[in-house]
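Participant: So the sequences go chain by chain: Y and G. So for the first sequence, our numbering puts the first residue at 26; every next one is plus one. So for the second sequence, our numbering puts the first residue at 513; every next one is plus one.
Fair warning: there could be bad hints in the mix.
[To be verified] Label-pair restraints from in silico Cβ distances:
(1) 591/G / 135/Y: 41 to 51 Å
(2) 128/Y / 598/G: 13 to 23 Å
(3) 67/Y / 565/G: 40 to 50 Å
(4) 48/Y / 594/G: 31 to 41 Å
(5) 573/G / 135/Y: 37 to 47 Å
(6) 54/Y / 607/G: 20 to 30 Å
(7) 128/Y / 607/G: 42 to 52 Å
(8) 84/Y / 619/G: 19 to 29 Å
(9) 135/Y / 575/G: 22 to 32 Å
(10) 28/Y / 550/G: 10 to 20 Å
(11) 105/Y / 591/G: 40 to 50 Å
(12) 525/G / 105/Y: 36 to 46 Å
(13) 66/Y / 514/G: 17 to 27 Å
(14) 102/Y / 520/G: 38 to 48 Å
[Stated by the list, open to error] Straight-line distance between alpha carbons at most 27 Å, and here's what the computed BS3-like set of lysine-lysine pairs gives:
(15) 28/Y / 569/G
(16) 525/G / 118/Y
(17) 77/Y / 94/Y
(18) 94/Y / 525/G
(19) 94/Y / 28/Y
No lab work stands behind these hints: they were computed from the structure. The beta-carbon is built from N, C-alpha and C at its ideal position, and this holds for glycine as well.
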Amino acid sequence: LAKTTQPISMDSYEGQEVNITCSHNNIATNDYITWYQQFPSQGPRFIIQGYKTKVTNEVASLFIPADRKSSTLSLPRVSLSDTAVYYCLVGDKGSSYKLIFGSGTRLLVRP
Amino acid sequence: KAGVTQTPRYLIKTRGQQVTLSCSPISGHRSVSWYQQTPGQGLQFLFEYFSETQRNKGNFPGRFSGRQFSNSRSEMNVSTLELGDSALYLCASSEGGTGRDEQYFGPGTRLTVT
Numbered sequence: 026l027a028k029t030t031q032p033i034s035m036d037s038y039e040g041q042e043v044n045i046t047c048s049h050n051n052i053a054t055n056d057y058i059t060w061y062q063q064f065p066s067q068g069p070r071f072i073i074q075g076y077k078t079k080v081t082n083e084v085a086s087l088f089i090p091a092d093r094k095s096s097t098l099s100l101p102r103v104s105l106s107d108t109a110v111y112y113c114l115v116g117d118k119g120s121s122y123k124l125i126f127g128s129g130t131r132l133l134v135r136p
Numbered sequence: 513k514a515g516v517t518q519t520p521r522y523l524i525k526t527r528g529q530q531v532t533l534s535c536s537p538i539s540g541h542r543s544v545s546w547y548q549q550t551p552g553q554g555l556q557f558l559f560e561y562f563s564e565t566q567r568n569k570g571n572f573p574g575r576f577s578g579r580q581f582s583n584s585r586s587e588m589n590v591s592t593l594e595l596g597d598s599a600l601y602l603c604a605s606s607e608g609g610t611g612r613d614e615q616y617f618g619p620g621t622r623l624t625v626t
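Using the sequences and the hints, build the whole thing.
Facilitator: Have a look at this one:
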């Protein structure tokens, strides 16, 4: 079964860049790695997704090394509204339809 | 497009009872997945339905079951409720139903078992 590890929490200040890493093994070799954001009392919301190397969209970047044993979500210039829990999501190596969420990283952005 | 809707939003049940939760996916989405979220265990995958067929199942006991209708709406049932079933139950829909598809989550149903 795929296994993931994320830091429990991180603190940052407005305007800083934040990097959150998820370590994962036994993940599906032909599947994407996805990151979600969750605010209290809401369902998770898609942030970014990638297969390998680097992907960038309007809100974040995702770095995935060649061995795909980890992925790093990069949030440039965070604001107070980025305070949330961030989850990585991977497919299990045995079955990519079986999705495994990381334990989540609680990011607190201070003024 | 309307988002994923879940009903009811809150539910209180007693141990031993059963409960049915409902999820309406985004129009055109054929896959619906269910997750349980608790403070202790985090987000755990329950099962996924695609075109009315259960495509995969997480590691939950048989008391947890689900189904999907021809209009892609899905229901989840939990029988013989236990205190440990208290959780936020989230459903997510996607177009093609694989891990590579962006999933759109509903707001969840918060179930409390007393």
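Participant: Now tell me if each hint is right for this structure.
Facilitator: Here's how the hints hold up against the structure:
Checked against the hint of 41 to 51 Å, the pair residue 591/G and residue 135/Y passes, with Cβ atoms roughly 46 Å apart. Separation of residue 128/Y from residue 598/G is about 19 Å and conforms to the stated range, judged on CB atoms against 13 to 23 Å. Range check, residue 67/Y to residue 565/G: Cβ separation about 29 Å, and the 40 to 50 Å hint is violated. Between residue 48/Y and residue 594/G the beta carbon distance is about 32 Å. The supplied range of 31 to 41 Å therefore holds.
Here the CB-CB span from residue 573/G to residue 135/Y is close to 43 Å, well matched to the stated 37 to 47 Å. For the pair residue 54/Y and residue 607/G, the beta carbons lie near 22 Å from each other, so the given range of 20 to 30 Å is met. Between residue 128/Y and residue 607/G the CB atoms are about 27 Å apart, so this pair departs from the stated range of 42 to 52 Å. Between residue 84/Y and residue 619/G the C-beta distance comes to about 21 Å, which sits within the given range of 19 to 29 Å.
With their beta carbons about 43 Å apart, residue 135/Y and residue 575/G fall outside the hinted range of 22 to 32 Å. For the pair residue 28/Y and residue 550/G, the supplied restraint of 10 to 20 Å holds, since their beta-carbon distance comes to about 19 Å. Taking the beta carbon of each, residue 105/Y and residue 591/G are about 44 Å apart, inside 40 to 50 Å as hinted. For the pair residue 525/G and residue 105/Y, the beta carbons lie near 37 Å from each other, so the given range of 36 to 46 Å is met.
Separated by about 19 Å at the C-beta atoms, residue 66/Y and residue 514/G satisfy the suggested range of 17 to 27 Å. Residue 102/Y and residue 520/G have their C-beta atoms about 39 Å apart, which keeps the hinted 38 to 48 Å range intact. Pair hint residue 28/Y plus residue 569/G holds up; C-alpha atoms about 17 Å apart against a cutoff of 27 Å. In summary, the hint linking residue 525/G to residue 118/Y is not supported, as the alpha carbons are separated by about 37 Å, beyond the 27 Å threshold.
For the given pair, residue 77/Y sits about 11 Å from residue 94/Y by alpha-carbon distance, which is consistent with the 27 Å threshold. For a cut-off of 27 Å, the pair hint linking residue 94/Y to residue 525/G is broken: about 42 Å separates their Cα positions. The straight-line distance between the Cα atoms of residue 94/Y and residue 28/Y is roughly 10 Å, inside the 27 Å bound, and the hint therefore holds.
Violation of the numbered hints given earlier is confined to hints 3, 7, 9, 16 and 18; the remaining hints are satisfied by the structure.
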